[in-house]
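Trainee: The lines below spell out each chain.
There are 2 protein chains.
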Amino acid sequence: MSKRTDVNELGEFGLIEHLTQGIELKHNSSYKGIGDDAAVLDYGDKLMVVSTDILVEGIHFDLMYSPLKHLGYKSVVVNVSDIYSMNAIPKQITVSLAFSNRFSVEALDEFYEGVKAACKFYNVDLVGGDTTSSRKGLFISVTAIGEGEKEKLAYRNGAKEGDILCVTGDLGGAYLGLQILEREKQIYLSNPGVQPDLGKNDYIIGRQLKPEARRDMIEEFFPDAKLVPTSMIDISDGLASELFHICKASDVGAILNEGGVPIRPDVEEQAINFKLDPITCALSGGEDYELLFTISPDDLEKVRYMPDIYICGEIVNKKEGIKLHTKGGNIHPLKAQGWVHFGNE
Amino acid sequence: MSKRTDVNELGEFGLIEHLTQGIELKHNSSYKGIGDDAAVLDYGDKLMVVSTDILVEGIHFDLMYSPLKHLGYKSVVVNVSDIYSMNAIPKQITVSLAFSNRFSVEALDEFYEGVKAACKFYNVDLVGGDTTSSRKGLFISVTAIGEGEKEKLAYRNGAKEGDILCVTGDLGGAYLGLQILEREKQIYLSNPGVQPDLGKNDYIIGRQLKPEARRDMIEEFFPDAKLVPTSMIDISDGLASELFHICKASDVGAILNEGGVPIRPDVEEQAINFKLDPITCALSGGEDYELLFTISPDDLEKVRYMPDIYICGEIVNKKEGIKLHTKGGNIHPLKAQGWVHFGNE
Chain U
1 MSKRTDVNEL GEFGLIEHLT QGIELKHNSS YKGIGDDAAV LDYGDKLMVV
51 STDILVEGIH FDLMYSPLKH LGYKSVVVNV SDIYSMNAIP KQITVSLAFS
101 NRFSVEALDE FYEGVKAACK FYNVDLVGGD TTSSRKGLFI SVTAIGEGEK
151 EKLAYRNGAK EGDILCVTGD LGGAYLGLQI LEREKQIYLS NPGVQPDLGK
201 NDYIIGRQLK PEARRDMIEE FFPDAKLVPT SMIDISDGLA SELFHICKAS
251 DVGAILNEGG VPIRPDVEEQ AINFKLDPIT CALSGGEDYE LLFTISPDDL
301 EKVRYMPDIY ICGEIVNKKE GIKLHTKGGN IHPLKAQGWV HFGNE
Chain Z
1 MSKRTDVNEL GEFGLIEHLT QGIELKHNSS YKGIGDDAAV LDYGDKLMVV
51 STDILVEGIH FDLMYSPLKH LGYKSVVVNV SDIYSMNAIP KQITVSLAFS
101 NRFSVEALDE FYEGVKAACK FYNVDLVGGD TTSSRKGLFI SVTAIGEGEK
151 EKLAYRNGAK EGDILCVTGD LGGAYLGLQI LEREKQIYLS NPGVQPDLGK
201 NDYIIGRQLK PEARRDMIEE FFPDAKLVPT SMIDISDGLA SELFHICKAS
251 DVGAILNEGG VPIRPDVEEQ AINFKLDPIT CALSGGEDYE LLFTISPDDL
301 EKVRYMPDIY ICGEIVNKKE GIKLHTKGGN IHPLKAQGWV HFGNE
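Residue numbers (the working numbering), protein chains in the order written: chain U, 1 to 345; chain Z, 1 to 345.
It is possible that part of the hints are untrue.
Identical chains share a label here; the pair holds if one copy fits it or two copies do between them.
[Stated by the list, open to error] Once the Cα atoms are required to be at most 30 Å apart in a straight line, the calculated DSSO-like pairs of lysine-lysine come out as:
#1 185 / 3
#2 248 / 226
#3 248 / 120
#4 323 / 152
#5 152 / 327
#6 3 / 120
#7 32 / 226
#8 210 / 136
#9 150 / 46
#10 200 / 136
#11 3 / 210
#12 69 / 26
#13 46 / 152
#14 26 / 150
#15 210 / 26
#16 275 / 323
#17 152 / 302
#18 69 / 318
#19 3 / 69
#20 275 / 26
#21 46 / 120
#22 248 / 32
#23 32 / 120
#24 32 / 302
Because the hints were derived from the structure by calculation, they are not lab data.
A quick note: this is a predicted structure, and the numbers were derived from the prediction, not measured.
Kindly generate the complete structure, drawing on both the sequences and the hints.
Mentor: Structure follows, in C-alpha cells:
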C-alpha cells in the first residue's frame with residue numbers, strides 16, 4: 001500500500017500550495033496565476049480578472065435555514081467580492097449547479113431568482129454555466145470575470161513596511177448570524193412546534209444569509225479619492241487569516257489594533273450571549289465579505305474621511321511577526337484559524 | 001404546498017432554457033451569452049471564449065475504474081473541447097474541487113498530475129481554482145478560457161440550408177468503453193478474485209477514460225485550409241443530440257447519412273457483442289469529444305482531402321425536420337436522447 005497523507009494534515013492553504021507547486025505560466029495573456037483572490041489575464045487594452053468558488057450543501061450552507069433565493073444571491077456575491085478585492089469591476093458570471101431530483105424546478109427557479117437579483121444589483125451578466133445531476137445534495141460553482149487597469153489592480157503581495165492597514169464595514173456579524181441560525185435549528189429539531197426566535201437580529205442574520213460585496217468602495221470611494229490600495233483581499237475566512245495571506249505574499253509582518261477593528265454594538269452583544277469574545281468572531285468568523293487593504297502612509301488623508309473605512313493597524317518588518325495589540329494594551333502573536341476541515345464520508 | 005415540478009419533466013436542456021429565460025446582457029464585453037458551448041467576451045483586440053463544466057462522482061465518473069490521473073486529464077479535455085468547438089484556442093483553465101477526507105493528498109496529487117499533463121499537452125495555463133470539502137464524493141468544476149478571432153468563431157447558429165454536415169474522428173467508442181468497464185465492474189463485484197478481462201480493447205477503453213479534444217483541427221487543419229465552419233459543436237452528449245442543438249439554434253433541418261458516420265470496425269464489433277446497434281452508440285452514446293460542424297458547399301473541396309473528417313449529411317429546410325438516412329435506404333426522423341437524468345437522493 002502506498003503512502004496515505006490525510007488532507008487535514010496539510011490544511012486547506014497548505015494543500016493548495018502543495019497541489020499547485022511547479023505550475024508555470026506559458027502564455028503572455030496569463031498575467032497572474034494562482035495565489036490571489038483572482039487570476040489576471042491580459043487580453044487587450046484592459047486586464048481581465050477571473051475568480052471561481054464552489055459552495056457545497058452541508059459545508060457552506062444549510063437549506064434548513066438558507067432560503068434558495070438568498071443562496072443564489074450569495075453565490076454571486078462571494079464571487080464578485082473576489083473581483084472587487086483585486087480593485088477590478090465584475091462584468092460576467094457563469095453559474096453551474098449539480099443537484100439531485102430532491103430539487104424541483106420551482107426550487108431552482110428560486111435559486112436563479114436570487115442569482116438574477118444579484119446580477120442586476122452588481123451589474124454583471126450571466127453568460128454561461130452547466131447544469132447536471134448529483135447523487136446527493138446541491139453543489140454550486142460560480143466563476144466571475146471582471147475588468148481592471150494594470151496600474152490599479154491590487155494584489156496580496158504589494159504591502160510594504162510602514163503601510164497602513166484598513167478594513168471596511170463591520171466584522172463578526174456573519175459568523176454570529178450563523179450561530180443564531182444554528183441555535184434555532186437545534187431548538188426546532190428537538191421541538192418542531194416551536195417558532196424560531198430570531199429576535200431583533202435582522203442585521204446579523206442578513207450578514208450570514210444575504211451578504212453584500214463592497215462595490216461602493218471599488219466603483220465610487222476609491223476612484224473618487226484617487227486611492228489605489230497597495231494590497232487588498234476580501235474577508236471570506238476571517239480577518240486573521242486574510243492578514244496572514246497579505247503578510248505571507250508581501251513578505252512583511254503586521255500589528256493589528258483591536259481597537260481599530262469595527263464591530264457593531266449588536267454584534268458585540270450577541271457574541272457575549274454566545275459566550276464568545278467579539279474580537280475572536282471578527283478575527284476567525286469569516287464570511288463578512290468586507291475588504292482588508294493596505295495603503296501608503298502618504299494616502300492616509302484620503303481614507304480618513306471616507307465612509308465605512310477603519311484604520312486598524314500597520315505593516316511592519318517581517319521579523320516582528322503578525323501581532324494583535326489588544327484594547328487592554330497587550331501585544332501577542334495573532335493566530336489564523338479560518339480554514340475548511342475535510343470531513344469524513 | 002406550492003407546485004412541485006420534477007426536474008426530469010423538463011429534461012436537461014429544457015431546464016437550462018427555463019432557468020435562463022429573460023436574461024439580458026448589459027455589457028458590451030458580453031459578446032455572446034448562454035446557448036453555445038462557450039460564452040464569448042470582447043475584452044480588446046481578440047475575443048475571449050469562456051466555458052465551464054462540472055463532473056460529479058457517481059454521475060460522470062466511477063472511481064472504481066477511472067484512475068484519478070486520467071480523470072484529471074479528462075476534466076481538462078472536456079473543457080478545452082468546448083473552446084475548440086467555438087473555433088478558438090484554449091489558453092487558461094481554473095480547476096475547482098470539492099472532496100471528503102476519503103481522498104488523501106496522494107490521491108489528489110494523482111488527479112493534479114493528470115490536470116498538469118493535459119495542460120501541457122493542450123498548452124493551457126492553470127491559473128486558479130477553489131478547493132473545499134464535500135460531505136460525500138468528489139466534485140470537479142473546470143472553467144476554460146480561450147482566445148478567438150471575431151470572423152473565425154463558429155457558433156451553433158450559423159448553419160444554412162445547403163451546408164454540408166461534417167464530423168471528425170470516429171464515434172461510439174467512448175460509450176462502448178463505458179459498457180466494457182461497467183461489465184467488468186459487475187463481474188468483479190460478484191467475484192472479487194476474477195481479473196478484469198479488458199481484452200484487446202485498449203482503444204475503446206481509452207476513448208472513455210482518457211479522451212482527447214480535436215486540437216489538431218482547430219490549430220492546424222482548419223487554418224491551413226483557410227476553412228471556417230459555418231457552425232460547430234463538440235460531441236459530448238451524442239451525435240443526434242448535438243445535431244439537434246445546431247438545427248435548433250440555426251433554425252434549419254438536416255439529413256444525416258448513416259453511411260457517412262465514422263465508426264471503427266472494433267467499435268462495431270464491440271457494439272454487436274453488447275447487442276447494440278453501432279449507429280445507436282454513435283448517435284446517443286456521447287463523450288467522444290469529436291467535432292460536428294457545417295461548411296458552406298463552396299468549401300467542399302477543402303475538407304475532401306483533410307485527414308479524419310467525414311462528410312455525413314446536409315442541412316435542409318426546417319420544414320423537412322431532422323432525419324436519418326439509413327444504410328438500407330430508409331429515411332426516418334432522428335431522435336435525440338443524450339441528457340442527464342436527475343437521480344433520487
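Trainee: All hints are to be evaluated individually against the structure, with a verdict given for each.
Mentor: For each hint, the structure was consulted:
1. For the homomeric pair residue 185 and residue 3, the shortest alpha-carbon distance between copies (25 Å) is at most 30 Å, but the shortest distance inside one copy (41 Å) is not.
2. Taking identical chains as interchangeable, the C-alpha atoms of residue 248 and residue 226 lie at most 30 Å apart only when both belong to the same chain, with a minimum of 27 Å there against 50 Å between chains.
3. In this homomeric assembly, residue 248 and residue 120 come within 30 Å of each other (Cα to Cα) only across copies, at 29 Å, whereas the closest approach inside a single copy is 36 Å.
4. For the identical chains of this complex, residue 323 and residue 152 are intra-copy neighbours only, at 29 Å inside a copy versus 56 Å across copies, given an alpha-carbon limit of 30 Å.
5. For the homomeric pair residue 152 and residue 327, neither the shortest alpha-carbon distance inside one copy (34 Å) nor that between copies (63 Å) is at most 30 Å.
6. In this homomeric assembly, residue 3 and residue 120 come within 30 Å of each other (Cα to Cα) only across copies, at 27 Å, whereas the closest approach inside a single copy is 49 Å.
7. In the homo-oligomer, the alpha carbons of residue 32 and residue 226 lie at most 30 Å apart inside one protomer (24 Å), although the nearest pairing across protomers, at 33 Å, exceeds that limit.
8. Taking identical chains as interchangeable, the C-alpha atoms of residue 210 and residue 136 lie at most 30 Å apart whether they share a chain (25 Å) or sit on different chains (26 Å).
9. In this assembly of identical chains, the alpha carbons of residue 150 and residue 46 lie at most 30 Å apart whether taken from the same copy (7 Å) or from different copies (18 Å).
10. Neither within a single protomer nor between protomers do residue 200 and residue 136 lie at most 30 Å apart by alpha-carbon distance, with minima of 35 Å and 36 Å respectively.
11. For the identical chains of this complex, residue 3 and residue 210 are inter-copy neighbours only, at 25 Å across copies versus 43 Å inside a copy, given an alpha-carbon limit of 30 Å.
12. In the homo-oligomer, the alpha carbons of residue 69 and residue 26 lie at most 30 Å apart only across protomers (22 Å), although the nearest pairing inside one protomer, at 41 Å, exceeds that limit.
13. Proximity of residue 46 to residue 152 under the C-alpha cut-off of 30 Å is found in both arrangements, the shortest distances being 11 Å within a copy and 22 Å between copies.
14. Proximity of residue 26 and residue 150 under a CA criterion of 30 Å is satisfied in both settings, with 19 Å inside one chain copy and 24 Å between copies.
15. Taking identical chains as interchangeable, the C-alpha atoms of residue 210 and residue 26 lie at most 30 Å apart only when they sit on different chains, with a minimum of 24 Å there against 39 Å within one chain.
16. For a Cα distance limit of 30 Å, the shortest separation of residue 275 from residue 323 inside one copy, 24 Å, qualifies, whereas the shortest one across copies, 70 Å, does not.
17. Only within a single protomer do residue 152 and residue 302 lie at most 30 Å apart by alpha-carbon distance; the minimum there is 16 Å, versus 48 Å between protomers.
18. Taking the closest pair of Cα atoms, residue 69 and residue 318 never come within 30 Å of each other, the shortest separation being 44 Å inside a single copy and 39 Å across copies.
19. In this assembly of identical chains, residue 3 and residue 69 lie within 30 Å of each other by CA distance solely across copies; the values are 17 Å between and 44 Å within a copy.
20. In this assembly of identical chains, residue 275 and residue 26 lie within 30 Å of each other by CA distance neither inside one copy nor across copies; the values are 52 Å within and 48 Å between.
21. Both within a single protomer and between protomers do residue 46 and residue 120 lie at most 30 Å apart by alpha-carbon distance, with minima of 23 Å and 27 Å respectively.
22. In the homo-oligomer, the alpha carbons of residue 248 and residue 32 lie at most 30 Å apart inside one protomer (17 Å), although the nearest pairing across protomers, at 39 Å, exceeds that limit.
23. Proximity of residue 32 and residue 120 under a CA criterion of 30 Å is satisfied in both settings, with 29 Å inside one chain copy and 18 Å between copies.
24. With identical chains, the CA atoms of residue 32 and residue 302 are at most 30 Å apart within one copy only, with a shortest distance of 29 Å there and 40 Å across copies.
The structure fails to meet hints 5, 10, 18, 20 from the earlier list, while all remaining hints are met.
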